[in-house]
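> Sequence:
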Amino acid sequence: MLKQYCAVMDGLDITLKDIGATWDDVVYRRIYVLNMDEFIKIQTTYDTKEWFTKGKYPPSTLVEVTRLSNPDFLIEIDLMAIT
1 MLKQYCAVMD GLDITLKDIG ATWDDVVYRR IYVLNMDEFI KIQTTYDTKE WFTKGKYPPS
61 TLVEVTRLSN PDFLIEIDLM AIT
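Counting from 1, position 51 in the sequence shown corresponds to residue 51 in full-length UniProt numbering; the numbering is continuous, with no gaps.
Hints listed in this document are in silico derivations from the structure and should not be mistaken for laboratory results. There are no misleading hints in this set.
Below, a list of computed lysine to aspartate or glutamate pairs in the EDC-like style, where the Cα atoms sit at most 20 Å apart:
1) K3 / E38
2) K54 / D13
3) K3 / D78
4) K56 / D13
5) K56 / D24
6) K54 / D24
7) K41 / E76
8) K3 / D37
9) K41 / E64
10) K49 / D13
11) K3 / E50
12) K49 / E38
13) K49 / D78
14) K3 / E76
Computed from a predicted model, the values in this text were never measured in an experiment.
Turn these sequences into a full structure, and let the hints guide you.
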């Protein structure tokens with residue numbers, strides 16, 4: 001899941017830049033995962049790239065689900081940004 005998480009966040013970074021937004025413009029984040037424990041381990045154990053400005057995190061919801069839109073996906077992330 002770590003590799004997919006980083007790939008999704010990098011893809012969202014590109015999308016934000018394409019619309020002239022930054023991570024500071026994100027006002028809400030929703031994360032869907034197949035394995036909550038694995039995602040929490042990623043957040044607390046691994047040294048992942050910091051996309052958000054330190055200390056400036058949007059409200060977030062983390063939801064564990066039984067499946068996602070693609071059988072190969074382990075994680076999906078929705079963002080809402082206001083510019």
